[in-house]
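> Protein chains in written order, with this note's numbering: chain Z, 1 to 85; chain P, 1 to 134; chain E, 1 to 506; chain G, 1 to 111; chain D, 1 to 176; chain Y, 1 to 918.
Just so you know, the hints here were simulated from the structure itself, not pulled from any lab data. Every residue gets a Cβ at the ideal spot worked out from N, C-alpha and C, and that includes glycine. A few of these clues could be false.
[Stated by the list, open to error] On the chain P side, residues computed to face chain Y include the following (Cβ under 8 angstroms):
id, residue
1, V8
2, V10
3, G52
4, D110
[Claimed, not checked] Coverage of chain Z stretches by chain G, computed from C-beta distances (three or more under 8 angstroms per stretch; other residues unrestricted):
id, region
5, 7-18
6, 37-49
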Amino acid sequence: MTAVSIAVTVILSAAALLALVRAVRGPSILDRVVATDVLLAIIVAGVATEAAYTLDATALPVLVVLSILGFTGSVGVARFVRTDR
Amino acid sequence: MSPNLTYVVVVGVLFAAGVILLLERTLTRVLMGVVLLANGVNVLILAGGRYGGPPIVGTTPDDEMSDPLPQAMILTAIVITLGLTAFLLALAYRSWRLVGQDEVQDDIEDRRIIELAERDEGPEVEDVDDEGTS
Amino acid sequence: MTALVPLPVVIPLLGAAVTLTLTRFPQAQRLVSLAALSAVLGVAIALLVVVCVDGTQVVAVGAWPVPIGIVLVADQFSALMLVVSAAVTLCVLVYSIGQGLADGSEDTPLSIYHPSYLVLTAGVTTAFLSGDLFNLYVGFEILLVASYVLITVGGTEDRIRAGTTYVVVSLLSSVLFLTGVGLVYAAAGTLNLAQLAGRLDALPDGLRLMLNCVLLLAFGIKAAVFPLSAWLPDSYPTALAPVTAVFAGLLTKVGLYAIIRVETLLFPGGPTRDLLLVLALLTMLVGILGAIAQSDVKRLLSFTLVSHIGYMLFGIGLANELGVSSAIFYVVHHITIQTTLFLVVGLVERYGGATALDRLGGLAALSPLLGVLFFVPAMNLAGIPPFSGFLGKLGLIEAGASAGGGLRWALVAGALATSLLTLYAVARVWNLAFWRKPVTTRAEAAQTEGGPALPRLMVGSTIALVVLGVALTGIAGPLFDLTGDAAADLLERAPYVDAVRGEGIR
Amino acid sequence: MSALDVAASACLIAGALFSLAAGIGLTRFPDVLSRMHAATKPQVLGLLLVLLGCALRFRNTVDITTLVLIGVFALTTAPVAAHMIGRVAYRSGEHRADLLVIDEIADHEPR
Amino acid sequence: MTRRDNTIVALLGLTLVWILLWGTFSWANLLGGLGVAAVVLIAFPLPPVEFGGRLRPVALARFVYWFAYDLVLASVQVAALACRPGDPPHSAIIGVRLRVNTDLNLTLTAEAISLVPGSLILEVDRSVGVLYVHVLDVSDRAQAERFRRHALAVERRIVEAIGSPDEVRLVGQSER
Amino acid sequence: MLVLVGVHAVMAVVAPGLVRWLGRRALYVVALAPLATLCWALARTNDTVTESYTWVAQLGIDLDLRMATLNWLLAVLVAGIGAIVLAYSVRYFPEGQQGLGRYAAVFVAFAGAMFGLVVADNLFLLYVFWELTTVFSYLLIAQDPTRRANRWAATQALLVTTLGGLAMLAGFVILGQAAGTYRWSEIEANPPRGGHLAAAVVLILLGALSKSAIFPFSFWLPSAMAAPTPVSAYLHAAAMVKAGVFLVALLGPTLGADPPWRPLLLATGVLTMLLAGWTALRQHDLKLMLAYGTVSQLGLLTAVFGGSSRNAGLAGAAMLLAHALFKSTLFLVVGIIDVTTGTRDLRELSGLGRRQPALAAIAILAGASMAGLPPFMGFVGKEAAFDAFLHGHRTGDLAVLAGLVIGSTLTVAYTLRFLWGAFADKEGKTTTAPPIAPDWLVWPGILAVAGLAVGAAAKPLGGSLDRYADLFPAEGAAYHLAVWHGFTGPLGLSVLVLVAGGALFYYRHRLPRLGLPFDGSAVYQRVMNGLDRLAVELTGATQRGSLPFYLGVILLALVAGLGGILIGPAPWPDDARAWDTSLQVVVAVGIVVAAVAAVRALRRLTAMVLVGLSGYGVAVLFILHGAPDLALTQFLVETATIVMVVLVLRRLPAKFSERTIRTSRLGRIALGIAVGVVAAGMTFVAVGAREATPVSAIFPELAVSFGGGDNVVNVVLVDIRAWDTMGEISVLVVAATGVASLIFRRTEALQRRRGVPGPAGGPPGWLGAGPSGQSIILQVVTRLIFHAIVLFSVFLLFSGHNAPGGGFAGGLVAGLALTVRYLAGGQAELTAAAPIDAGMVLGAGLIVSVGTGVLAMLAGGQVLQTAIVDKHLPVLGDLHLVTSIFFDIGVYLVVVGLMLDILRSLGAEIDRQEVAAG
Ligand code: NA
Ligand code: NA
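For reference, chain Z alone in the conformation it holds in the complex (with noise of 0.2 angstroms):
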């Protein structure tokens, strides 16, 4: 299980990267958003996958919140964004 949740956390961490320089990058705010929302399910798989090695379920609580999260903010920004550029 070990070798499973190192690939993992190294195959995650490169996504989460990626997305971060979307993010970061840009260059519309819609752009953002989207690398957000990624980067919420980055996360969320990688806390599963961390609860699933440990068997721990303290966190699925969590990612019950996080499922419903991304949306919330993705609908705010996008309800309201201007792209006045």
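On the provided structure of chain Z, position chains P, E, G, D and Y with the ligands as indicated by the hints.
Same frame as chain Z, now just chains P, E, G, D and Y with the ligands:
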């Protein structure tokens, strides 16, 4: 307890970034500075507590738990920051409504006195002779 | 009798909650607020008596044994502060109700004002009663956030500008305070003040100095110690008169309270004493010169406020019994007098239609009562005998002289100079606003019509505070006994620590 | 390491890979709309796989039910977010029109 | 279906969620769930969601199967597309006019379509029931038409799963 | 004695009423207070009375009163002349004079203070009365304060004498600490030696000299002549200006031997006498002439007492008495002339002698005493003075004597000039003057006659004054007061003085002009202007009025102070670890990158998203650290923040204004980095220094046994540190209130805080964005999952005690559910979702939480004490109820209320204002 350098660095960066924004005139930036500073302080408090598993009896043995007390402090701080953020936003909006921007203005009275100082004058209000001389 | 201890916090909080649910019934809100604060005053007095008779009262919240949970500690010092602040807040509440009744509360919604005001009170009492460093922080947050609401209530342009300065500076101080708390816990592993007193002693001096200074920095901003004080005169004067009054009277003193606690209980001795003395001197002189430069009564008073913070720092920095005792006495005096003066200025604003000196005049002739209401506390502030201001100052000077040493003598001189300059500043106000011929059309109109009627409640509460201020002279003896004992306990530390340790069993 | 564990590991790694694909797409794709595809879509499947992996590890109802809820929430909300952002992107011209072979919105209501 | 029925459905649904959250079935959980659900429904009144259809398990299963199939397939395709070197892919915005123009159907179809990778709902023209979909990796009309048919198929499966009889008839007619 | 002071005080309080009731005649009644004092004092001639009451023993300031000979002398003068001047004032002021009530009150209050001053036996008590006389004189001098000159003169007198007073106070403190007591009679009994005594003496004399207008403080007295003449007669002739001389006289016997005492007093005294005497000779205003005369005489008194020998002391006492009598008489005379003729200018006055013979007679009696003609008291005193210095045994005595002789000559000269100027006929001028009411004339009359009488009764009077004089160390033959000592040196000097004075008057037109070497008032003015300038410059420099400046100063203090400590004494730990899990580094990189990018961002929303991103990063740090509750809350808060910010930013410009970004950028960055380094350093040091085991080590077992929960953090929040949490939710409540206050602002608008239902029928449309803004998909989905999310929030609330969650997380989730509803359908949808007043929810939540704590007290426990109920119920199984859950429910409600309030104000109300703004 040996300090965790990663935390130390994060604290430093968050404080630095927070201060730079805090010193701005735009209230929105000030707000973000405050948020960054708050996060920085939270990490600082976190660094002051032991690292370990979730402090939930039954899932983690007592002696492997992370220190719950700093967590309680941080949680309190987080929520207070939320309230303050809302208030600052309202403040920014109000000032935008009033003066069409959310920039912090200088104090008028102070500027008056600074000008007096530059003109080498005394306090503005002289005790002028205002009697119908009797 | 420990049941009394939590009440000064719990009562106003419940009151605030109730007023929030009474949005539609302003009269009921007023009654609830009055009842709550009157109750707090009663409890505070009772508590002071109990403390003086039975000694320090300690409550372990939730019956969690010390040092696990939070302890509330009412020693003579905090009990005294509770009584004074309760009296002042009650008077100011009455005053503001009077003003609200007169102005019509359209611009200052009761459903905003009353809950915020009550929460502010709860914050102050929390800070005074707290025996736990983080809880002290929470107390500060409560009163600060409430003060943010009160200072910007109405949302006019200058209130927003001033409020922004106030809020942001306070936020920074809160961040520093929390940083200090975090560092203290990181180093000592506890938040209980009594336990910290022991654990901090064991730490290396350099570290103690560091922690001490972080906290001093945070409190120094709140107490308006030069050079951390410039925000105050820019922010306080723009608020509603009663708000300014209670801020000027109380909030800076909460900062001072914290400084006294920390300096005596957690970090006694050390280089911070001399640091405090130097800052005291600067605060006195820079502050009072600032007052002389002003042309608006409210701002002028704000500067005298800053300046006289220096007096109290002086006593703390001396760290001898008479010094600390006089500092505490001066805190009591200053809370009362500074509040009174701002309330009077509120009356002046209503009556003369301005607070700018170039637009005021002839008030003494127009309203002799107003004249007396200003003159007496003004002389008191200037340290004219036999008023309490003089007694406090005298105590500080004696303490400084007995301590000896160049720095302390410099402070004695500075204190005397400051009181002379204070006299100069208030005499200027008196000459211009009260003595010379009326200059504003408003005041001339007032002269012909005998001036706008001043609401009874406003005048009444102001009179009450003026009388309280004068009464301090009469009870100075017993009061000095009290502050003397309080100071002795503070400097000894053991009484506090032992009282808290006593609660160590469940 | 039981068979279930093997299956779980497979799911977890596959899920992670989908995340990586999302990250790559996010950096490579030319405009917001196409990045949206890369970002939101493989994520859903990736997430489902990860959850499945967890379920295979935990093997008790208490946690599995929670995992199910997470999946349901994700499936319901993800498209909405995508839709809202995509819509704004299109309306505010954040997309590269030159990559569009057909645009029936423009045809329908030319602006 | 009356508002009361809606409420009952909601109550049961919420109770189920409650039990799922706790993860164990016990009478205490059941009663607690009912209680909490009731409180929630009282505190936050149920908004009108008009639902005229009925559940058809078999059709539902079929829908789920095809949905899962599309999901996996397309996900792999898009992932591959993302990693494939070369020029950025072309795409198209295609309007799909649904046959059953109800809020619920529009929404569910839109969800199903946009969950499946490569397709993303940009606009919904509610008046005529048209979904405008941004489709990735489309380079000509033929592919566009293929996608339009796919989308309509998705709608059909949904309607067959939960639509009302006349809706099912409507969809069936247009297919033949 | 305290009673008598009290009598004056009471009289002062009732005086205005009396005046309103009786008109100016009320002054007769008011005069009773000093009169009573006079009688009391006369009844105690030749005995020493003491009283003592404790006041503030801790400061050594008690109400110690003592009346020995000197005190008695001044008490009699102060009380007697006070009564007479009050009676005199009845006719001086026209009926219905404005501010007469205040005049009466302050005057009698002053008399009381003056009496207190002369009988005070405690140095601090003496200072108390001393300052009171200063303040009352401030009020009396500016009887007509609408005239700037009067205000100016009053303030000048106030500040100058207070300055001296404060110096004196410092002197008292030093003296008292040297002596170990502040009670004068005790200090007198065994005087301290050495130490800072010299400093004390100088400081005390500063006070005395300034009060008595001795050079270089002389200038304030002539300006103070702006006061009404009765005031001048009392304060500036008889009473207040005597306070300084009194102090010198009182302390002389004890401190006279100390080095600075004698030379200082002799020099300043003689100098003052000569300068002022000369100036008096040049005045045309009778009152000013008297004023300078007074200054001159005060100089004389100071010099004589300064001689600090037994005979000098005796002479001083006699002169003091004489001067009080004749000078107040003359002032009263001038007052009458002023009122009856309307002028005080001796060039205008002519022939008054014939029209007002009685007045002239009185003036001549007083003048004779002033000039030192036998058998008047003035003569007796001057003789004694001459003798004291003629037969003195100290160096410089003869020089002083010379000074006194010259000074006395000047006195004779200006006396003659005064009488001539007031009453003589001058060619071509006649001043009309109505006859003077006898009940007015009588008062100066009494004083003048008294001057003659005491002179005649010099022997017996001298007998009692000896008791004071004997306090001085005896040296040589004891002198005794008498009108006739035979042909002695002093007599010769007196004759010389009279002749020379006459000559000086005769040749007055040929005198060279010499003024004072410098004009004190001008110096005073320059000092004050300088002070004002300094104030403005300093304030302009420190009070910049700019928020960034203030923050910068604070942060600089932080960097300087704590940076210094870190470099200096701070103990740096020798071991540290890079990380706990390598993943922390990955996350840290994310946080750092996002934070830096946020600082560089030029668009508001961009910056906010990046800040939020770094926040998410911190949340992940929390997970890794083993703090799921924190992570949960942090994620929720960051998301809520982003939404709130978006709600506000939709109205603000998208980009930050360039100007504010450029200005002083480098400085900001430098300071920021410095602060960051210091913060990091402090963390490193503090954490590294920890050795003690944290108090929280036993939390886990206590959490279960006493708190009844497995989730330690939650137990800490709702139980162990519930007191904090209670405060925290009140912060939330008040913050929400503040948001509403800033957005709605007015009472009437606040009604909308309850929410406004949308237009009946049809789906609620977007405000602002218009119908095209709404998305059917979003609306339907939110409606579908809303209740599920709310239910989940409740689950978090209840499960929180044993698993991550709790009231905060629950409340935030519910709040986000509401947020989504608002986002989907705007104001109306929000109202449909939660038709309730946000304020209500907040209040209810606070009541529930605080109420839980109070109930615990009512149940006999401590505040917020928790009870654990374990019951086995049929069917349902075991019930495990921890009462702290109710506390947590309150928390939940407050958080929901906060979010609802934010949506109502930052959301709906801003929508409305946007529409209103168009
Ligand atoms: Na210290
Ligand atoms: Na509890």
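> It remains to establish, for every hint, whether it holds in the given structure.
Hints versus structure:
1. V8: holds, 5 angstroms
2. V10: holds, 5 angstroms
3. G52: holds, 5 angstroms
4. D110: holds, 3 angstroms
5. 7-18: Holds, because 9 residues of the region 7-18 of chain Z bring their Cβ atoms closer than 8 angstroms to Cβ atoms of chain G.
6. 37-49: Since 8 is at least three, the answer is holds.
In terms of the numbered hints stated before, the structure departs from none.
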